[in-house]
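Colleague: Here is how the chains run, residue by residue.
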Amino acid sequence: MSPSDGRDRTETTIVQALLHGRTLFSMLMFSIFAVMVYVAWGYSWPANFLPFVIGFPGMALSLLQITIDIKDFMSAKGDIDPRTDFEKYMAELSEHTGGLELDYAKEKVETLVEDHSLVAKSRNRQELILFGYFFFLLAMVLFFGFWIGAPIFLFLFLRYYAKESLKTSLMITGGVWVSMYFVLVILLSQVIWEGHITKYIIDTYLSD
Amino acid sequence: MIDIMLSTFVQLLTSGYAMWMLMLGTCIGIFFGAVPGLGGRLAIAVTIPFVFGQPVIAGAVFLLSMHAVTGTAGQISSILFGVPGTGDDAATIVDGYPMAKKGEAGVALGASLMASGIGGIIGAVVLAVLIPVIEPIVLKFSPAEFFFLALLGITFVAFVSGSAIFKGLVVGLYGMMLAFVGMDPQTGIARYSDEFLFLWDGMDLITAVLALFAVPEMIHLGVKGGSISAVSKEMAQTGVRAQLKGCAITFRHWWLVLRCSAIGAFIGILPGLGGSAAAWICYGHAVQSSKNPETFGKGDVRGVVAPESATNSKEGGSLLPTLFFGVPGSSGMAILLGAWLILGIQPGPMMLVQELDLVWILIWALVISNIAAVVILLFITRWVAMLTFLRGGILIPVVLIITVLGTLLAKGQWENLVLLGILSVVGYGLLKYDWPRPPFAIGIVLGKIAEESLHKAWALWRWDFFLRPLSLILISLIVITIAYAVYRGFIDNRKRSQPNVSI
Numbered sequence: 001m002s003p004s005d006g007r008d009r010t011e012t013t014i015v016q017a018l019l020h021g022r023t024l025f026s027m028l029m030f031s032i033f034a035v036m037v038y039v040a041w042g043y044s045w046p047a048n049f050l051p052f053v054i055g056f057p058g059m060a061l062s063l064l065q066i067t068i069d070i071k072d073f074m075s076a077k078g079d080i081d082p083r084t085d086f087e088k089y090m091a092e093l094s095e096h097t098g099g100l101e102l103d104y105a106k107e108k109v110e111t112l113v114e115d116h117s118l119v120a121k122s123r124n125r126q127e128l129i130l131f132g133y134f135f136f137l138l139a140m141v142l143f144f145g146f147w148i149g150a151p152i153f154l155f156l157f158l159r160y161y162a163k164e165s166l167k168t169s170l171m172i173t174g175g176v177w178v179s180m181y182f183v184l185v186i187l188l189s190q191v192i193w194e195g196h197i198t199k200y201i202i203d204t205y206l207s208d
Numbered sequence: 209m210i211d212i213m214l215s216t217f218v219q220l221l222t223s224g225y226a227m228w229m230l231m232l233g234t235c236i237g238i239f240f241g242a243v244p245g246l247g248g249r250l251a252i253a254v255t256i257p258f259v260f261g262q263p264v265i266a267g268a269v270f271l272l273s274m275h276a277v278t279g280t281a282g283q284i285s286s287i288l289f290g291v292p293g294t295g296d297d298a299a300t301i302v303d304g305y306p307m308a309k310k311g312e313a314g315v316a317l318g319a320s321l322m323a324s325g326i327g328g329i330i331g332a333v334v335l336a337v338l339i340p341v342i343e344p345i346v347l348k349f350s351p352a353e354f355f356f357l358a359l360l361g362i363t364f365v366a367f368v369s370g371s372a373i374f375k376g377l378v379v380g381l382y383g384m385m386l387a388f389v390g391m392d393p394q395t396g397i398a399r400y401s402d403e404f405l406f407l408w409d410g411m412d413l414i415t416a417v418l419a420l421f422a423v424p425e426m427i428h429l430g431v432k433g434g435s436i437s438a439v440s441k442e443m444a445q446t447g448v449r450a451q452l453k454g455c456a457i458t459f460r461h462w463w464l465v466l467r468c469s470a471i472g473a474f475i476g477i478l479p480g481l482g483g484s485a486a487a488w489i490c491y492g493h494a495v496q497s498s499k500n501p502e503t504f505g506k507g508d509v510r511g512v513v514a515p516e517s518a519t520n521s522k523e524g525g526s527l528l529p530t531l532f533f534g535v536p537g538s539s540g541m542a543i544l545l546g547a548w549l550i551l552g553i554q555p556g557p558m559m560l561v562q563e564l565d566l567v568w569i570l571i572w573a574l575v576i577s578n579i580a581a582v583v584i585l586l587f588i589t590r591w592v593a594m595l596t597f598l599r600g601g602i603l604i605p606v607v608l609i610i611t612v613l614g615t616l617l618a619k620g621q622w623e624n625l626v627l628l629g630i631l632s633v634v635g636y637g638l639l640k641y642d643w644p645r646p647p648f649a650i651g652i653v654l655g656k657i658a659e660e661s662l663h664k665a666w667a668l669w670r671w672d673f674f675l676r677p678l679s680l681i682l683i684s685l686i687v688i689t690i691a692y693a694v695y696r697g698f699i700d701n702r703k704r705s706q707p708n709v710s711i
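Order-wise, the sequence lines are chains A and B.
The opening residue of the first sequence carries number 1 in the working numbering; numbering runs sequentially from there.
The opening residue of the second sequence carries number 209 in the working numbering; numbering runs sequentially from there.
Rather than coming from a laboratory, the hints here were simulated on the basis of the structure.
Positions of the beta carbon are idealized from the N, C-alpha and C atoms, including for glycine.
Everything hinted at is true.
Straight-line Cα separation of at most 20 Å, PhoX-like style, residue types lysine-lysine; simulated pairs: (1) B:619 x A:199; (2) B:432 x B:640; (3) B:432 x A:163.
A short list of chain B residues far from chain A (calculated; beta carbon distances all over 10 Å): (4) 213; (5) 235; (6) 344; (7) 405; (8) 449; (9) 460; (10) 466; (11) 477; (12) 551; (13) 561; (14) 566; (15) 583; (16) 591; (17) 664; (18) 696.
Using C-beta positions, here's what the derived DEER-type ranges look like: (19) B:228 x A:46: 41 to 51 Å; (20) B:554 x A:57: 24 to 34 Å; (21) A:39 x B:228: 44 to 54 Å; (22) B:591 x A:207: 42 to 52 Å; (23) A:21 x B:626: 23 to 33 Å; (24) A:148 x B:462: 56 to 66 Å; (25) A:46 x B:599: 45 to 55 Å; (26) B:688 x A:13: 31 to 41 Å; (27) B:660 x A:205: 47 to 57 Å; (28) B:391 x A:189: 22 to 32 Å; (29) A:148 x B:340: 53 to 63 Å.
Make the full structure from the sequences, and use the hints.
Modeller: Now the structure itself:
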């Protein structure tokens with residue numbers, strides 16, 4: 001292997017480390033502080049004092065964290081732990097209990113490891129789907145209001161994500177809606193956001 | 209002192225509405241504690257909007273009693289299924305679950321309930337006893353000391369962050385930065401808000417807390433599967449008689465309960481150290497002080513009693529810095545502090561002078577809610593245990609809806625929904641990449657306090673506020689804390705980089 005091959009490989013690893021989710025998130029934290037400090041530059045004293053006092057250490061610590069993430073990735077210890085989940089769990093418990101022997105833990109952890117491996121395969125996909133549902137809820141409430149958006153989201157989530165039966169989904173949705181309406185509107189007389197589109201329709205077509 | 213103690217007790221007991229709110233808070237706290245994945249922080253976060261407009265005492269009592277009993281209910285799933293209801297209950301698994309496997313679930317539950325109840329009461333007693341002791345100290349504090357105390361609170365965060373010290377500090381500072389969003393009280397500049405009018409009053413604490421705690425927890429619950437229904441429901445069957453036997457056993461270990469409760473209460477006083485630390489420290493103490501430590505880990509009731517008494521007594525202790533210094537003792541207390549501020553309660557030294565009635569009512573609420581939780585759970589544990597079987601698929605959308613509702617009710621501004629969405633992504637990133645989130649709650653609450661104190665101190669003493677004797681002591685503590693945290697971080701990193709030894 002020529003020295004240039006070794007250098008190329010190191011550079012590739014650094015790029016991989018930089019693009020790794022863990023490092024990217026540390027970079028996001030750094031950029032939040034950097035942007036807030038940059039914006040604070042435009043404020044007069046003393047409005048910018050504490051944003052500087054907090055922002056600069058925040059940037060420095062985030063940078064430190066980025067280097068730790070890269071170092072961990074390069075030494076392959078950040079993500080790849082040679083121990084099995086069972087060994088890690090036992091070590092963790094052992095730390096707390098001063099090395100006590102925990103007979104029952106093996107069975108428990110084997111169950112957890114089995115469950116974990118099943119869901120791990122689709123972890124990223126699951127995250128996207130769940131965030132999709134959450135943003136759908138936000139959008140529905142934003143445009144159609146709480147009383148229309150929330151039950152539609154609840155029904156769809158129960159029916160298509162949780163795979164509940166049509167009857168169960170309808171019953172839970174109805175039960176939650178009725179109980180919330182009873183508590184918030186009838187008992188507490190709360191007025192809750194009615195949604196941009198619903199408000200527009202009411203203002204345009206239904207108001208006197 | 210005795211007068212006010214007794215009069216507030218009578219006042220609370222005879223106030224029908226406050227007692228109703230206390231009992232409601234206790235029941236809701238039991239629910240949030242019993243369902244794995246929820247917990248006290250989430251309970252406060254999602255219920256804050258519902259206490260808007262309530263009388264101050266009723267609202268404060270509701271939130272405190274709810275928060276205080278989540279730990280009591282959390283041990284049910286720890287003991288019966290080996291799944292901690294909240295992080296604080298993890299230590300209870302070590303001996304509680306083996307007891308259940310030996311057919312002693314009822315005894316373990318009874319012992320745990322009684323230890324929790326006694327611990328909660330002792331925590332309240334410690335708080336009450338310390339009031340006259342700390343009064344002269346607290347009243348000596350000026351805005352300068354409160355500024356440094358807020359910074360000290362943030363540096364203590366390093367201790368809650370385990371080996372992720374830098375991450376903990378970054379998250380704490382991130383919380384503080386978000387606290388600066390809004391109109392600067394001195395210059396009138398709209399910081400980080402420009403034309404966004406809804407941010408001029410500052411970032412909504414409820415929205416930020418829900419985004420960082422509630423939404424990520426639910427997404428995480430969905431991703432990891434969330435169901436523990438594979439565990440046999442037959443295990444959840446426990447008799448009242450066995451639980452009463454467990455209660456009696458607790459009194460046999462009264463000295464251990466007393467010691468662990470005292471340790472828990474004092475750990476609670478130290479800002480930054482949570483219930484989890486209290487539980488594990490007391491578990492370790494029980495093992496070390498035992499004549500036969502080999503029985504621990506195999507179903508020894510002392511391994512249940514010790515952590516449970518500590519986790520509940522911690523709440524009384526952590527009320528002390530929260531109420532009198534405005535520095536939350538834990539992340540749960542940070543959210544509680546934020547909620548109290550919204551209710552119109554101003555924690556700080558003036559609580560000792562102007563609001564002593566309220567302080568005593570809160571102490572009594574702590575005592576009564578702990579007793580109520582023990583009595584209620586003694587009879588309904590078998591049904592509460594069924595909550596553990598609640599499927600994630602049903603729980604997730606309902607909690608997400610309550611989260612959105614909470615955001616809308618908090619200030620009635622739809623713009624906060626957008627903020628909720630953005631901050632939730634950051635919150636989930638923190639959870640996914642092992643960044644501790646409790647420092648955020650402490651940071652966002654302390655950020656405002658730090659800034660207000662700084663401006664007052666500056667107006668009074670200019671640069672001299674750094675040179676006041678108490679300020680110098682606090683500055684030294686901050687430096688020592690950071691130095692120790694960094695030292696510990698390097699030691700942990702060195703340990704991690706060494707080859708792993710198989711066990």
